[in-house]
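With the hints as extra help, turn the sequences into a complete structure.
In case you want the letters, here they are:
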Amino acid sequence: MSFLESQQVVKRYAAHLALDKVSISVPENSIFGLLGPNGAGKTTLIRIINQITGPDEGQILLKGHPLAPEDIARIGYLPEERGLYKKMKVGEQALYLARLKGMSRPAALKRLKYWFEKFEIQPWWDKKVEELSKGMQQKVQFIVTILHEPELLIFDEPFSGFDPINANLLKEEILELKKKGSTIIFSTHNMSSVEELCDHITLVNNGKAILSGPVPEVRQQFSQNLIELEFSGSLDALEGRLSDHYKIETRQSLQDRHKLLIRMPQDAAPNALLAALSPEEHLHAYHEVLPGMNEVFITVVNQNKTSR
Amino acid sequence: MNNKISLILQREYLTRVRKKSFIIMTLLGPLLFAAMMLIPAWIGSMEDEEEKKIAVFDYTGLYTDQIDNTNLMVFDYLDPESEPALREDFSNSGYFAYLVISDNLLDKPDALRLFSDKQITMEVRQHINGRLRDYLRGEKLRSFEMEGLDEVIAAINQVGVNITTIKLGEDGSERETSSEMAMVVSMIFAFVMYMFVFIYGTQVMRGVMEEKTSRIVEVIVSSVKPFQLMLGKIIGIALVALTQVALWVGLTLLIVSGMKMVFQSDKVETSPQGTEMVSTATAEQAASAGNFDFSKVLNMAKSMNPALTLGLFLIYFLGGYLLYASLFAAIGAAIDNETDSQQFMFPITIPIIIALYVAMAAFRNPHSDMVFWFSMFPLTSPIVMMARAPFDVPFWQLGLSIGLLVAGFLLSTWFAGRIYRTGILMYGKKVNYKELWKWFRYSGK
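As you go down the protein sequences, you meet chains A and B in turn. Under my numbering, the final residue of the first sequence carries the number 308; numbering is consecutive throughout. Under my numbering, the final residue of the second sequence carries the number 445; numbering is consecutive throughout.
Among the hints, a few may not be true.
Derived list of chain A stretches under chain B, where covered just means 3 residues or more per stretch with a C-beta under 8 angstroms from a C-beta of chain B [as the list claims (entries may be wrong)]:
(1) 80-86
(2) 89-99
(3) 217-230
FYI, nobody ran anything at the bench for these hints, they're computed from the structure. Since this is a predicted model, take the numbers as computed values, not measurements. Positions of the beta carbon are idealized from the N, C-alpha and C atoms, including for glycine.
See below:
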């Protein structure tokens with residue numbers, strides 16, 4: 001059963017349809033990528049899940065039950081537009097936000113101490129937020145989001161404002177949270193991090209969910225039937241044998257070592273290509289080339305644009 | 001849920017009360033009030049101490065000794081011949097001023113001049129004018145050569161009116177009141193109300209704007225409902241306002257009573273003669289900042305039922321504040337920076353300004369139709385009704401007005417809440433009234 005489900009969610013803003021019967025299904029204990037161009041409706045959907053605003057039609061189910069106000073404590077949300085009270089002290093503010101999520105003061109203090117030490121920002125406890133660098137503020141925000149150990153975490157562009165070192169730290173923490181049993185919704189434009197982290201994705205465009213599924217399947221679906229073949233031997237000899245059935249897209253050569261990108265005909269068995277190799281050609285690598293999420297994203301959104 | 005509102009209002013309250021500006025204002029305010037009350041009285045008493053000597057040169061010889069001395073003014077009738085000499089050496093002569101009467105005043109009323117190198121006070125002018133006028137009136141009457149004139153004049157002089165206003169209590173008892181006193185009190189109430197609604201309403205607006213521009217608001221509304229956040233902020237700031245009022249009143253009373261004691265002991269030391277009289281007079285003046293008789297003022301205050309008046313003030317302050325604060329919150333949610341606030345502040349300011357004008361009319365005629373209706377209308381009633389309060393408003397009117405005010409702030413809070421919840425999450429959008437109306441309509445859930 002999926003952990004969180006949105007069923008036919010519709011949200012209208014005056015004349016503008018922000019969400020048009022969007023259904024998503026987030027499997028338990030997975031990292032779910034919510035993708036889409038700017039203004040597609042991702043943030044609206046996330047706000048509905050957080051009960052910041054309500055859907056006009058449809059509903060959200062959390063473990064099979066319609067979302068209730070108490071469920072707020074089970075969700076941790078790091079919004080894209082995020083900030084802190086500038087004039088307030090860091091520790092005091094983290095404590096305040098934790099207590100708003102329903103934590104008791106001692107429990108919040110204990111966990112804050114742990115996380116501040118882990119992220120090495122303990123000395124900043126009594127500093128005002130305006131004295132902190134942007135990256136440090138982001139760390140505080142991340143800690144506050146996960147502090148109450150929610151079952152569902154929602155990160156909207158979590159890596160913006162982080163340097164590569166801290167972004168990596170964050171990535172590890174997110175994977176660690178998944179390992180501990182959290183379900184994570186992850187919204188970003190950074191497609192390489194989607195490939196690295198996400199198990200499932202849904203792509204939203206113009207208020208509609210236009211593509212969903214596990215990441216490997218989605219990539220498979222957009223496969224161009226490309227095979228990369230790397231071998232040593234005579235390039236001309238092999239090309240002569242292949243050119244009848246296969247289209248060679250690119251070729252790269254370094255002395256007598258060659259790398260070919262070959263487009264297979266539809267429904268051709270991959271093994272057929274192997275049969276074309278003779279004993280004189282020494283095979284180094286042979287693998288299917290799947291499109292990256294970046295490519296999938298651009299292809300789908302552009303298709304969607306022309307088909308409308 | 002209520003637990004969250006209390007968390008929010010605690011934060012709002014504590015961060016504001018701990019601010020330097022709050023502490024400074026709270027300490028400086030009473031000093032200023034005390035100074036405002038004490039300094040004019042003190043300056044007045046200083047000036048009055050001095051005895052003014054005024055030389056009179058009467059070229060006609062008709063008015064000798066007609067201007068009598070008071071305990072502050074002494075008139076010396078000098079030989080007109082010596083005028084040039086005095087004029088030459090006026091500053092060393094010890095005179096405050098000199099008066100020249102150059103012709104018969106019955107024929108030429110402007111043949112009268114007062115010279116001085118200092119500012120001549122009203123009292124001096126009024127005293128000279130009054131005395132000479134009385135004398136000339138007498139002369140004029142005498143010129144008709146009526147029989148028994150002296151008796152007539154004496155009889156006329158005895159005629160005089162002195163109104164004492166008596167307010168009839170419900171049990172038929174009589175209480176002395178002063179409409180002047182009531183006017184001052186109602187003026188103070190109306191003005192304080194105006195100031196507080198504005199100062200703290202603006203604080204609500206700034207607070208909302210701060211949350212919006214610092215982008216913390218989305219983090220918070222994922223934990224609490226936007227309405228709770230708005231309510232927590234409004235109530236928190238109301239408590240800040242009440243704290244400030246309480247501290248101001250308390251500290252001002254402390255300072256004034258402290259100063260009064262210093263004043264009195266001071267007087268006793270410096271003027272051994274007539275101590276009793278002078279010192280009490282000064283203290284009374286100091287305490288009431290005017291020409292009221294202090295004991296009388298106290299009696300008046302008692303006659304106005306201070307518990308009821310204070311209770312009304314609190315009710316109308318809270319009601320009026322809640323009504324306007326929610327509107328200010330909606331404005332704060334709609335805009336991204338303070339310069340944009342002007343166009344929305346305007347319609348809120350208008351009823352407040354109108355209320356102030358109506359309140360001024362209420363001082364003169366607290367029961368007119370216009371004043372009545374404005375004291376019922378929720379947007380103006382806090383100011384107008386407080387201006388009426390010292391003039392015995394019927395209980396049914398108070399009840400109706402308070403009922404309408406409660407309904408008014410519930411309505412405005414509901415209205416503002418809907419604009420607020422949409423506005424706080426809208427960034428970088430130029431907002432106009434049409435846009436606000438759209439927000440109001442579509443934030444149904």
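Here is what the structure says about each hint:
A stretch counts as covered by a chain when three or more of its residues have a beta carbon under 8 angstroms from one of that chain; for the region 80-86 of chain A and chain B the count is 6, and the coverage holds. Under a criterion of three residues with beta carbons nearer than 8 angstroms to beta carbons of chain B, the stated coverage of the region 89-99 of chain A is upheld, 3 such residues being counted. Counting residues of the region 217-230 of chain A whose beta carbon lies closer than 8 angstroms to any beta carbon of chain B gives 0, which falls short of the minimum of three for the stated coverage.
Checked against the numbered hints given earlier, this structure breaks only hint 3.
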